[in-house]
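Generate the whole structure from the sequences, applying the supplied hints.
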Amino acid sequence: MDEGQRQFTADAQEIVEKLDRDLDQLRVVRFQGPRRRELAARIFRRVHTLKGSAASLGLDIVREVSHSFESVLDCVRLGRVIIDDSLLNLFEEATNVIAQALSPEATGGEVNAKALIARLQAIASTGASQGKIAGTLRAILPPDVASSLSEYDLQHAREAVREGARLFIVSAGFAIEDFDQNFRELSKLLGQIGEVIATVPGEFAAADEISFRLLYAAEVISEEIARRAVKLGRIEISKLKIEPASTRQREPAPADSLRMTSEEPAASVRVELSELDRIITDAGELFRDTINALPAARAPDNRDVVTAATTLLRRRFVELEERLIKLRLVPLAETLERVATRAGRIAARQLGKEVEFEIVVGDIAIDKPLADAIAEPLLHLVRNAVSHGLESPEERTAAGKNVIGKLRLAAFSEGGRIHIVVNDDGRGIDLARVASAAREQGIAGHDFLTMDQCLRLIFRPGFSTATEVSELSGRGIGLDVVDRAVEQSGGEVRVHTEPGKGTTFLISLPVALALVRCVLVRSGDQLYAIASARVAGQHALDGDGPDNKGSAGAIDWKGEKLPLFSLAHLLDRSVEIGAANERVALILETKPYRNGGGSEMRIAIAVERIEGKQETLVRSLGRHGARWPGVSGAAELADGSVALLLDVEELIEAQK
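Going by numbering that gives the first Met the number 0, the letters in the sequence shown line up with residues 0 to 655, in that order.
Calculated directly from the structure, the hints in this document are not laboratory data.
Please note: incorrect hints may appear among the correct ones.
In silico SDA-like cross-links for lysine to any residue, where the CA-CA straight-line distance does not exceed 25 Å [said to hold, decoys possible]:
1) K187 x E158
2) K405 x E320
3) K367 x L350
4) K557 x K612
5) K325 x I358
6) K612 x A539
7) K405 x E336
8) K325 x R302
9) K612 x K230
10) K325 x G611
11) K400 x D371
12) K367 x A532
13) K557 x M600
14) K230 x T310
15) K325 x E394
16) K113 x S149
17) K367 x G611
18) K560 x R601
19) K500 x E394
20) K238 x R157
21) K325 x S531
22) K325 x L87
23) K400 x L350
24) K230 x D276
25) K500 x D482
26) K400 x V359
27) K17 x R5
28) K325 x I116
29) K238 x E222
30) K230 x P628
Simulated restraints on C-beta separations [what the hints assert, rightly or not]:
31) G283 x D23: 41 to 47 Å
32) L514 x D303: 30 to 36 Å
33) I324 x E486: 21 to 27 Å
34) E355 x L87: 56 to 62 Å
35) E235 x E176: 17 to 23 Å
36) S435 x N580: 58 to 64 Å
37) E486 x E353: 15 to 21 Å
38) P562 x E222: 48 to 54 Å
39) E176 x Q487: 37 to 43 Å
40) E176 x E357: 54 to 60 Å
Every residue gets a Cβ at the ideal spot worked out from N, C-alpha and C, and that includes glycine.
Rendered as structure tokens:
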């Protein structure tokens with residue numbers, strides 16, 4: 000077993016453990032519609048991940064069982080197969096067979112696996128033979144909404160009505176610049192009391208807004224929810240004329256119902272025992288030195304001694320904390336190599352494509368839970384790039400390209416955030432095909448779709464342009480998984496495509512904990528931190544500093560004309576440019592791919608003074624970070640104080 004298979008086995012065994020817990024919970028919540036659907040979707044994603052990874056690494060038993068398991072789960076999603084005890088028993092048997100196949104002592108499991116696969120395929124075939132669900136629900140929906148709904152959406156709505164919910168159409172229009180934030184807020188708000196079943200195009204929209212409609216299920220929409228919703232933008236809520244099932248008709252919920260739990264973060268990390276022993280030894284010494292310093296602290300006229308001892312102890316505590324944090328960190332290059340490129344190389348061989356992989360990461364290390372969270376999205380992005388993005392050798396030759404396709408994975412950190420780029424030089428995303436597939440699947444109407452609208456569609460749950468289901472792709476959940484996983488980690492995904500030249504995906508994620516070397520700068524009475532990796536140099540301003548003419552102007556630096564910005568003005572628009580005593584400029588390098596492409600450039604930021612460099616412990620601000628654009632984290636300094644870590648580019652963007 001090579002290193003890739005060994006690592007996959009460890010990850011797969013963890014997924015199987017989660018599957019076991021999910022199946023136990025599914026037995027309890029199978030009569031509770033929203034919870035059952037959410038849990039079944041989670042199980043579906045776990046099995047899909049197992050299948051894709053096993054296919055990439057050539058683990059046949061795991062791949063074949065997972066593929067058949069997934070087919071039955073697909074029928075469950077469509078309502079063609081009902082979850083009962085016998086089906087749950089079969090699911091548990093499938094999970095056990097996968098677990099046995101992953102065991103180092105696995106032998107003789109092929110016969111049992113074949114029998115299990117046959118039973119799973121029989122159930123999937125029976126479910127598929129029932130055809131599409133009846134169109135009774137379509138009759139009460141607005142025609143353009145009904146035509147936009149997928150089979151999954153209709154089944155979801157029917158189940159919600161059967162469980163006692165009413166159906167509503169929520170029509171909305173949000174300004175383009177605030178769309179993403181307002182859409183998330185609305186979804187979160189409505190999710191408190193019901194379920195958003197589907198999102199479909201709006202009837203009309205002003206030139207500066209995006210309109211859409213939500214098919215929404217809830218027992219009732221309270222006045223408070225409606226009042227908060229209309230504050231976000233243009234909102235209209237209408238109730239459909241369909242009566243919910245009576246209380247007696249609803250499926251009963253067991254008395255011992257469990258509450259649904261969210262996805263679990265990684266619970267373990269590998270640590271070298273020798274490093275752990277050293278930390279334990281140093282912690283013991285630090286404890287003894289602290290105790291020994293107490294008598295001196297109580298003695299009179301010992302202020303200088305106490306100050307020196309306190310400074311030394313504080314520095315040692317900070318060093319110990321940094322070492323403990325490093326135990327949580329894993330090299331990002333390992334994740335990219337293990338999850339992405341190895342799987343990508345095997346997928347390329349299976350598809351008969353020649354691919355050159357390039358990894359540009361450096362020595363970036365990230366928190367283990369974050370590494371686990373991005374592994375699955377990266378796997379899907381790389382497999383999609385190999386399967387759909389890169390052309391076959393014949394197609395590349397005909398297009399005048401090198402027969403060898405290129406797939407580049409790059410990563411860079413900016414203080415409290417990490418950015419991962421997946422870039423291919425393939426055919427690009429066929430936007431016309433995306434629009435056509437969306438119309439065929441009833442997701443979009445027949446109106447013209449812009450590039451942004453098409454690129455949003457590829458992240459829609461269940462959307463796919465594939466015409467056949469294969470063991471590598473075709474069920475249309477890959478990019479949905481990417482978007483969901485990244486969003487759950489507090490990040491975002493951007494995509495840029497150019498026909499005939501390729502596609503770039505940019506994943507931007509907040510880092511919960513990181514050790515970042517920073518340049519400390521002062522503006523007014525506050526100290527701020529800027530990641531030193533971005534700093535190319537400094538420049539004394541003297542007479543060419545920011546003026547008071549509405550623009551900070553520009554400076555000459557090593558023969559290059561650089562735009563100059565005032566940090567005081569970026570932080571507080573009420574501060575006039577030129578009013579602050581800014582006498583030095585930091586030269587910062589901006590990163591390419593930030594907006595889906597482009598080349599590196601430099602900018603200058605005027606500050607009052609530079610206080611020096613320091614390695615700091617950076618903590619994410621979590622959900623509170625959204626309140627302060629341009630602030631990417633909090634940096635803990637050696638003296639125990641805190642400086643806000645700045646994302647200068649975001650500060651500049653926020654002022655536009």
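Here is what the structure says about each hint:
A hinted pair counts as satisfied when its Cα atoms are at most 25 Å apart, and K187 with E158 qualifies at roughly 21 Å. Annotation: proposed proximity of K405 to E320 is violated, straight-line Cα distance about 41 Å (limit 25 Å). Proposed proximity of K367 and L350 is contradicted: the alpha carbons are some 32 Å apart, above 25 Å. For the hint linking K557 to K612, the alpha-carbon distance of about 23 Å falls within 25 Å, and the restraint holds.
With a CA separation close to 23 Å, the supplied pair K325 and I358 stays within the 25 Å bound. The suggested pairing of K612 with A539 holds, with an alpha-carbon distance near 18 Å, which does not exceed 25 Å. Under the criterion of a C-alpha separation no larger than 25 Å, the hint pairing K405 with E336 is consistent with the structure, at around 15 Å. Taking the CA atoms of K325 and R302, the gap is near 34 Å; set against the 25 Å cutoff, the hint is violated.
In summary, the hint linking K612 to K230 is not supported, as the alpha carbons are separated by about 45 Å, beyond the 25 Å threshold. Between K325 and G611, the direct Cα distance comes to roughly 24 Å. Compliance with the 25 Å bound is thereby established for this hinted pair. Our distance criterion of 25 Å between C-alpha atoms is broken by K400 and D371, whose separation comes to about 35 Å. In summary, the hint linking K367 to A532 is supported, as the alpha carbons are separated by about 22 Å, within the 25 Å threshold.
For a cut-off of 25 Å, the pair hint linking K557 to M600 stands: about 14 Å separates their Cα positions. Proximity of K230 to T310 is assessed by CA-CA distance (about 51 Å); at most 25 Å being required, the pair is judged violated. A distance of roughly 46 Å separates the Cα atoms of K325 and E394; the hinted pair therefore is violated under the 25 Å criterion. For the suggested pair K113 and S149, the alpha carbons sit about 33 Å apart, so the restraint of at most 25 Å is broken.
Using a Cα cut-off of 25 Å, the hinted pair K367 and G611 is violated, with the two alpha carbons roughly 30 Å apart. For the proposed pair K560 and R601, the alpha carbon gap of about 9 Å is at most 25 Å, so the pair holds. Restraint check: the Cα-Cα separation between K500 and E394 comes to about 13 Å, which is no more than 25 Å; the hinted pair holds. A distance of roughly 15 Å separates the Cα atoms of K238 and R157; the hinted pair therefore holds under the 25 Å criterion.
Only pairs whose Cα atoms come within 25 Å are accepted, and K325 paired with S531 is accepted, the gap being roughly 19 Å. Our distance criterion of 25 Å between C-alpha atoms is broken by K325 and L87, whose separation comes to about 42 Å. A threshold of 25 Å between alpha carbons decides the hint, and for K400 with L350 the separation of about 18 Å falls inside it, so the pair holds. With a C-alpha separation of about 56 Å, the suggested pairing of K230 with D276 is violated against the 25 Å cut-off.
For the hint pairing K500 with D482, the CA-to-CA distance comes to about 24 Å; that is within 25 Å, so the pair holds. Restraint check for K400 and V359: satisfied, since their Cα atoms lie roughly 23 Å apart, inside the 25 Å limit. At most 25 Å may separate the alpha-carbon atoms for a hinted pair to count; K17 and R5 meet this at roughly 19 Å. Proposed proximity of K325 and I116 is contradicted: the alpha carbons are some 44 Å apart, above 25 Å.
The suggested pairing of K238 with E222 holds, with an alpha-carbon distance near 14 Å, which does not exceed 25 Å. Simply put, K230 and P628 have alpha-carbon atoms about 21 Å apart, close enough for the 25 Å limit, and the pair holds. The given range of 41 to 47 Å is respected by G283 and D23, whose C-beta atoms sit roughly 42 Å from each other. In this structure the supplied range 30 to 36 Å holds for L514 paired with D303, their Cβ-Cβ distance being about 32 Å.
At roughly 25 Å, the beta-carbon separation of I324 and E486 lies within the given 21 to 27 Å, and the hint holds. Restraint check, E355 to L87: a C-beta distance of roughly 46 Å breaks the suggested window 56 to 62 Å. In this structure the hint that E235 and E176 lie 17 to 23 Å apart at CB holds, the actual value being about 22 Å. Checking the proposed 58 to 64 Å range against S435 and N580 shows it holds: the Cβ atoms sit about 60 Å from each other.
Checked against the hint of 15 to 21 Å, the pair E486 and E353 fails, with Cβ atoms roughly 34 Å apart. Look at P562 against E222: about 50 Å separates their beta carbons, and that is inside 48 to 54 Å. Separation of E176 from Q487 is about 25 Å and departs from the stated range, judged on CB atoms against 37 to 43 Å. Between E176 and E357 the Cβ separation comes to about 35 Å, which falls outside the hinted range of 54 to 60 Å.
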